[in-house]
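Trainee: Between the sequences and the hints, there should be enough to build the whole structure, so can you do that?
So you can see what is in the structure, the chains are spelled out below.
Number of protein chains: 2
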Amino acid sequence: MKSEIIFTGTELILGQALNTNAQYLQQTLAALGVDLYFQVTVGDNRKRLVEAIVQASARADLVIIGGGLGPTEDDVSREALAEALGLPLEENPEARLITERFFRSRGIEMPRNNLKQALAPPGGIVLDNPVGTAPGLALDHGSILYILLPGPPGEFKTMVDRQVVPLLRRRLGPDVSVIKSRVLKLCGIGESKVDETLGTLLRSKNPTLAPTAKFSEVHLRITAKASGPDRAEVMIGGVERRVRELLGRYIYGTDDETLPEVVGNILATGGLTLAAAETCSGGCLSHLITSFPNGSRSFKLGLVADLHRMGKFFGFEQDFGKDAAEILAQKIRELAGSDIGIAITGNGGGIYPAGGGSITIATSIGDVILSRELTLWGEGSELRQRVVQVCLVLIWNTLQKRTGS
Amino acid sequence: MKSEIIFTGTELILGQALNTNAQYLQQTLAALGVDLYFQVTVGDNRKRLVEAIVQASARADLVIIGGGLGPTEDDVSREALAEALGLPLEENPEARLITERFFRSRGIEMPRNNLKQALAPPGGIVLDNPVGTAPGLALDHGSILYILLPGPPGEFKTMVDRQVVPLLRRRLGPDVSVIKSRVLKLCGIGESKVDETLGTLLRSKNPTLAPTAKFSEVHLRITAKASGPDRAEVMIGGVERRVRELLGRYIYGTDDETLPEVVGNILATGGLTLAAAETCSGGCLSHLITSFPNGSRSFKLGLVADLHRMGKFFGFEQDFGKDAAEILAQKIRELAGSDIGIAITGNGGGIYPAGGGSITIATSIGDVILSRELTLWGEGSELRQRVVQVCLVLIWNTLQKRTGS
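Protein chains in written order, with numbering that gives the first Met the number 0: chain A, 0 to 404; chain B, 0 to 404.
Bear in mind the hints are in silico, worked out from the structure with no lab data behind them. For clarity, every value in this text was computed on a predicted model and none was experimentally measured. Take these hints with a grain of salt, some might be off.
Same chains, same label: a pair holds when it works inside one copy or across any pair of copies.
[Said to hold, decoys possible] DSSO-like, lysine-lysine: derived pairs with alpha carbons at most 30 Å apart:
id : residue 1 : residue 2
1  : 192       : 213
2  : 1         : 46
3  : 184       : 156
4  : 311       : 184
5  : 213       : 46
6  : 192       : 46
7  : 192       : 115
8  : 204       : 115
9  : 400       : 1
10 : 213       : 321
11 : 46        : 204
12 : 156       : 192
13 : 204       : 321
14 : 213       : 115
15 : 224       : 46
16 : 115       : 224
17 : 115       : 184
18 : 400       : 192
19 : 213       : 156
20 : 204       : 400
Mentor: Here's what the structure looks like:
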């Protein structure tokens, strides 16, 4: 089944709202094994919506339209679908019941505007909306299934889950192909190096293997299309093994796992504890590590201040630089009684990372103190995220070596 | 100028990534007064991308393509544009310099793959990419301007701001109709109350006024369409004045201002300093306040630990609850020598916020200690954001009263 989805909404086309409905529906279709080739967004404009529907009808078996089912003048999806297919609109009694029920349940009289929401082309199947006034619609016309869904995300998602998924499952029958994905997450290696190492594996058609570069990370997405979930799993497993043989030592996690979470897990598994003294990272490292249960459990103490105040607190005087970071890493470890101490300093010792410059990250583990000086440029808060990301990669690498030896 | 934008990315069409680039570009085009009629997304598929480009060429004067400029096999935007327009691809020396410069600045040898990023149809103007390896491209062909932009959001947004906006401004000339928006941000009031207070103002057609509810905040967007930016500004100003008359005391900021930033600004303006002791918020408050220059300047000290450790550190023994939070707020203020001390405790005193429950936030200002107990439920990291949000609203309210009196 080839699908195309169309969203209508002036707030979407003007960028005033982020289209989270699109992502939700796309994920749902992918999981069902429905191919999606085009996603189109137009404003609340009948002419352009008609154009998009006509276009989609020429290349898809399933056309889903999201938004434009409200009671106001600028809600034009019902009208546009009827026009595109050359069908009339008439009041659908079932749809009217749904709209009326919404008002009755709130003890409000239904405004006359809302009668518009009960209009539908003849032959359509009304989709119930338990959380709003706009009924959805499914309509078979020619060989194409058209589905209209309301725009408010709560209503949209409820209707996708309760109505669209069961409907499509019935249409697809038992032997549908599914699309499954797994993301392998790498750090400490660049995208081109990953590319070079994987070579022809990247040209594989099914499963596909697609790298995406993030700051200090590369994500490799394996996507398999197969006759069922088990088969897809086996196919993904095969590619994953080959990738792990080539790049295993850079893979820190999979799918939704994040570096702060994985670092916390390794700490907890090894029974190791951590403390952090942060100047220019302002508590961001502490916050990220303690955002997960294992990281929180392993986290003893976090301190946020500028270097001058840190020096006064710990009783040392040292200008910003490698030495200051190393002393700080050791001092925070001793104060917390933790296994590992981390210090992040930069920007001459201040808290705000300003435009960047020289940053020093130091780790103190037992008697060993390691530090890394780097130069990073960028904007305040974004730069801070990158400083912390580099620090997490450093901690992960250190822990890998430790547990690997 | 009529525009159409096309995004390519299998991660986008499968719903694995949310298309924030689309929203950014849409906002930018709206602000410039460029009409956008269609936004289309396709996977990393050359055939379908060509189809989308051909289609856009039939109905727009400006076609912007985002994504697909990386060095790998599945990056096909350069090739698709050349194919759609019937043009060859050749190495562009300027583009090559940009890609090479990226590697040189990092002291890495450029992998051969990246040479692909220097390919362009003849006659194209290369758009510099100061933050990545993929040069962008602007190409006039027939009466249409085509622009290619890289997909990674940091690179995309940098190039939109620094290259696309100035280029389009030059093309548009001085007299265009523009759409301008301003968002008024409120806290300490619910959406229905805002709705009730504004009444018929919400039905205004131009400017429009649209409320959106966030956790502990309501955002009011005023959007005006006018013959020029000055006229739009006057129209927005008129509505803003009426909203401020009705709801002024709840408005903490406008547009991109955030509550942590505004709190930092008020602190800096008043010459006030802050210190924070955080258990279940894990450093999130310190991180947010110090993410802005004024907040950093006003921030003296942050401490992250569980309540037991806090007690040992400050030399008090107190079970989790109102008293513990109040002692902690006072202790951190004294230790830091700051004007204000904040303590956040919850979840029985642990660092990880788990599923929620009872949370206490205390503020110590001079001799006055205030605390607020609340019950919040939710998931770990999301719950933490909400705890910190409530805390920021509390600090903002306190500072308002202080500076207001």
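Trainee: What are the numbers of the hints the structure violates, in ascending order?
Mentor: Checked against the structure, the hints that fail are numbers 4, 9, 13 and 20, while the rest are satisfied.
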